[in-house]
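For the protein sequence lines, the chains are H and E, in the order given.
Counting along the first sequence from 1, when you hit position 212 you're at 212 in the numbering used here, and nothing is skipped either side.
Counting along the second sequence from 1, when you hit position 330 you're at 330 in the numbering used here, and nothing is skipped either side.
Think of the hints as simulated: they come from the structure by calculation, not from any bench.
Errors might be hidden in some of the hints.
To be verified - Okay, the calculated beta carbon distance ranges per label pair:
(1) E:ALA85 <-> H:GLY357: 35 to 43 angstroms
(2) E:ASP289 <-> H:VAL353: 50 to 58 angstroms
(3) H:ALA342 <-> E:ARG290: 39 to 47 angstroms
(4) E:ASP289 <-> H:SER360: 56 to 64 angstroms
(5) H:SER365 <-> E:GLY313: 23 to 31 angstroms
(6) H:LYS239 <-> E:ARG391: 48 to 56 angstroms
(7) E:PRO287 <-> H:SER245: 52 to 60 angstroms
The beta-carbon is built from N, C-alpha and C at its ideal position, and this holds for glycine as well.
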Amino acid sequence: MKPTTPALALAIALALPALAACTHNTTSAKGGGGERTISVTSTDDSCTLSTDTAPAGNLVYQVQNKGSRVTEFYLYAEDGLRIVGEVENVGPGLSRDLVLNVPPGSYVPACKPGMAGKGIRSDFTVTGSQQTGRQGAVAGATRRQVETANRQYGSYVRDQTEQLIAGTRRFVAAYKAGNDDLARSLYARTRVHWERIEPVAESFGDLDPRMDLREADLAQGQRWTGWHRIEKDLWPPSKGYRALSQRQRATYADRLLADTETLAARVPKLRFTVDQIGNGAKSLLDEVATGKVTGEEEAWSHTDLYDFQANVDGARVAFEGLKPVLSHKDPVLERQIARRFAALQRLLDRYRVGKDGFVSYTDLSTSQVRALSDAVNALSEPLSRLTAAVAL
Amino acid sequence: MSDPAAPPPHDRRGLSRRRLLGYAGAGAAVGAAGFAGGMGTARATDTPPAAGAYAFHGRHQAGIVSPAQDRLHFAAFDVTTTSRAELVMLLKSWTAAAAAMSRGLPVGGGTPLPYDSPPADTGEALGLPPSRLTLTFGFGPGLFRDANGHDRFGIDHRRPKALRTLPHFPADNLKPERSGGDLCVQACADDPQVAVHAIRNLSRIAFGSAALRWSQLGFGRTSSTSTSQATPRNLFGFKDGTDNLKAEEGSAVDRFVWVAPEDDPAARWLSDGSYLVARRINMAIEPWDRTALSEQERLIGRDRAHGAPLSGGSEHTAPSFSTRGSDGKPLMAMDSHVRLAHPSHNDGVRMLRRGYNFTDGNDELGRLDAGLFFIAYVRDPDRQYIPMQTRLSQRDGLMEYLQHTGSALFAVPPGVRRGGFVGEALFA
Chain H
1 MKPTTPALAL AIALALPALA ACTHNTTSAK GGGGERTISV TSTDDSCTLS TDTAPAGNLV
61 YQVQNKGSRV TEFYLYAEDG LRIVGEVENV GPGLSRDLVL NVPPGSYVPA CKPGMAGKGI
121 RSDFTVTGSQ QTGRQGAVAG ATRRQVETAN RQYGSYVRDQ TEQLIAGTRR FVAAYKAGND
181 DLARSLYART RVHWERIEPV AESFGDLDPR MDLREADLAQ GQRWTGWHRI EKDLWPPSKG
241 YRALSQRQRA TYADRLLADT ETLAARVPKL RFTVDQIGNG AKSLLDEVAT GKVTGEEEAW
301 SHTDLYDFQA NVDGARVAFE GLKPVLSHKD PVLERQIARR FAALQRLLDR YRVGKDGFVS
361 YTDLSTSQVR ALSDAVNALS EPLSRLTAAV AL
Chain E
1 MSDPAAPPPH DRRGLSRRRL LGYAGAGAAV GAAGFAGGMG TARATDTPPA AGAYAFHGRH
61 QAGIVSPAQD RLHFAAFDVT TTSRAELVML LKSWTAAAAA MSRGLPVGGG TPLPYDSPPA
121 DTGEALGLPP SRLTLTFGFG PGLFRDANGH DRFGIDHRRP KALRTLPHFP ADNLKPERSG
181 GDLCVQACAD DPQVAVHAIR NLSRIAFGSA ALRWSQLGFG RTSSTSTSQA TPRNLFGFKD
241 GTDNLKAEEG SAVDRFVWVA PEDDPAARWL SDGSYLVARR INMAIEPWDR TALSEQERLI
301 GRDRAHGAPL SGGSEHTAPS FSTRGSDGKP LMAMDSHVRL AHPSHNDGVR MLRRGYNFTD
361 GNDELGRLDA GLFFIAYVRD PDRQYIPMQT RLSQRDGLME YLQHTGSALF AVPPGVRRGG
421 FVGEALFA
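The shape of chain E in the complex, shown without the other chains:
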């Protein structure tokens, strides 16, 4: 076998990247050959997952309710093969590599290769801990049928009914090269090098079967997905995602995130999975920074210092939309972001947000190319995302400072059982 991504012979060969380095470094000059030598010491030892590792296998994919990590590398791929067998092989190879990398192991498990062979793993994460890496895979509408409506891999009859290109929302300025994709991988980790390493290696494994279409780096989480985490701030300087769904809200997560078997009889393979909405939202950073604090807070609906709703209380106090000020107007303005996005104005629906701040340098006018890479997991985008975004795009006062430049929707299959592969039920 020549596939560098193929699973290691024994999953318990575990030799963490850190231990690998430690060995090679022991009494030896650590050069390239030192690493190679270190790999040769891989022995079958029962190493438990290193500290700071999230389990890859499970009922649901990791990287959704897992407490949000600090860094993101998100990638969307076009499938280039026309062979169903090659597509399945890609998913199997990705699964094996993802399981290894999630444990902090190199791709290929550290199995020694001939000196004349390129290494199976690209190497930049050697010596780094797992960094809570999660790899979450999704399937775009184009995986099921092509632009002409043809069934690409004999799976179109299983296409989830909600999985289609998101509609055009008012003020959208979408770039095709930042939108869509047949497959996606969300790589989250506390170390950006670990996240980038994961996408780089998965892209390499995909050559010949799928090609990178677009990818996005995110450097700071903008959501908390666990009550144990403090609410972070977005690039507007405000706490974002205070009312986000949290992993600890078990019944709400079941209700709003995980697809149930009865949701879509044609797509039962998706049960215990979810839908991932990705939106690249550019912020008009410089105009925003020249905006009075009073206006900034009015547009958001919260105070900047603590994140409390303008109707009063502290960060986690529920906003009161009926409380009025001396002028008789609601303290939470009618076009404020929090009001329009709040469940009480969206038929009670919620979503699990998992977005990241991004800055991709600057444009030719010296403006920061920055904003929010919005990621949300929902059980049904038709109920939980599209109506809300339609309202926001039409009425949200913040839209003056926002421009959506990328968009994609993916169906996220359930978790992988040991010995299985991601999306297995779809191809069964």
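Pulled out of the complex, with its shape left as it was, chain H reads as follows:
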């Protein structure tokens, strides 16, 4: 891990806005033209929209907070309950856009200065001839897909955590027993379970530095523990390194296992939202781009390609869970991401050894690293648009 990586916020799942599609589109003529901008002025006691009607299609609610308190803007469905879209935490003096694809119908816009209460509401009509019945059905299907995606991702994270615990027990036992060959062979194969869910693991700010800090990331006076401390002892530098004693080994090993157990106990309580899953996929590719493809993560074992593959695995699982939602909302993006995952995997497969192994990072030539980096960039760029495409 890198200490600067922003942790994935793990809030309790929000009620998921259903209808609205992310459609920033710069070219699309969907809905009969480009987007329309509706300015929304929120003050402490008023909520003024520049119009109360707009044609169906891409709408941009440009929310300006001219009040003195932090505000929010919601677009509710006709029932005044179901959220079609929202922007939150708009500070005084700031502006923010809400971009939505809105089918014909009646809506209830609301500003919430102070972020409390039912808000200052009005009526808004979206005109047009799209079949609201069909839209409603799509929205219903999407809502179910979103729920499925969230649930499946939660299961995946729990499954990986369980495998991480089991693997760590075996690894720790081998290391404490001085069975270094076995410990070395288990090291990367166990860590893949961590790397697959790295943004989730990193979200526990107390555990992550104890478990996954690299020597180069240490602050002055900070005690170095965790996977990479043991890694160095198993793949020691040829000069100037004093091997850990039996007692020291036991200390580091027991602590790693205890921290892993704490992690495993917390994970079942987590609930995921599609934007967390989408951002998690992006973070995993960022991990690859900044740590693995440069060979910085596994400075002693050079098993970076295992981590690389595991990060990609985790990102792909996240993407595949969201695929049904994405193929509704942006099929072009879905196909592009799928193609680039496949291209990156083909490249990674060249460096496989045996059933589940990889060559050492140090065996890669500069041009091979470059090709891997290009493939990561190629995937990361469209993947960075996944969250917005599914979350709105």
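Starting from the structure of chain H, add chain E where the hints point.
Just chain E, lined up with the frame of chain H:
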């Protein structure tokens, strides 16, 4: 559509970067959200190109005879896709982004995106004027065929015959990581941030289709391409490019810069285009600075103060190569740079130079890593560049202080018509 580079729905949505900032700043705290809010105000208004903008569309690409701007960011790319359709899509996306940025507009035209989406434009040029930005695109030999001679995109039969890797010149010390490339973009602007912003955004658009191979920053133009400009100085301290081809010399530009339809029947798509020669030329700065002025002027062939030829007159006086001094030797030394590079010693051919000074920090010995990033536009490199460089590399006295460390040749397609894309005729 999810392509941040796709053209805006209406080209007249124009909201300049400066106006964008102005709006967001009006009575509002300008933070990140302020910018986002400002974007939302984009309305379809008929904004003429802002002052200080060069037209992107035209018969020829901008950035060639356009009066040279002060700053350069030059980038060469390797094409990584094997799909012709993806390559064409890249060129279309680049064209749309270049047209917007040339007018001072953000990539994507300022169309609002969801808050959960990364912005289409990277943002560092918001609030800056167009700064005379020009973006000039070129195609390297590797775009047509790979190292094994295979036709990459079904266009090899249209490869211009003069488009190939430049030959090895004596004393070349070329670094592969600073040479070649399948595509190039020359970004010139009066503000370095505007030029770098352009290359950064074009690189971002290219991910998955093309990857940055090398790039070069230049901080001071070393050539004038218009009679309205004063002659600048290179890092040797001398005026450089006094006799350069100028935009105002219409017939000479036609003769020496623009490719004519009959030049290469297999590559008619290149007519009204040109060839771009790029050479990264390192200067031995410290030894040069210890060289007597007499020797410096003798090697160049001009006086340092005014740029006059040593045969006499003022800067724009034609040099006389036959005038001799008291010792009976020519005042313009036989191995002087101006003599060897002069058209009269090169079968009368000229070129349009558009180079920039560069300094990339220093090496581990504390020597400046600096020199001239030479760019020249020619109608035919086989006649206008290769013979001259061969002579210079063999005989130019200045070569003692020069080392060529990067090299590339690109075919520069003609200008883009409205609604078209750069290189369209090649893929027609």
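Structure-based check of all given hints:
no.	hint	result
1	E:ALA85 <-> H:GLY357: 35 to 43 angstroms	holds, 37 angstroms
2	E:ASP289 <-> H:VAL353: 50 to 58 angstroms	holds, 55 angstroms
3	H:ALA342 <-> E:ARG290: 39 to 47 angstroms	violated, 59 angstroms
4	E:ASP289 <-> H:SER360: 56 to 64 angstroms	violated, 48 angstroms
5	H:SER365 <-> E:GLY313: 23 to 31 angstroms	violated, 57 angstroms
6	H:LYS239 <-> E:ARG391: 48 to 56 angstroms	holds, 55 angstroms
7	E:PRO287 <-> H:SER245: 52 to 60 angstroms	holds, 59 angstroms
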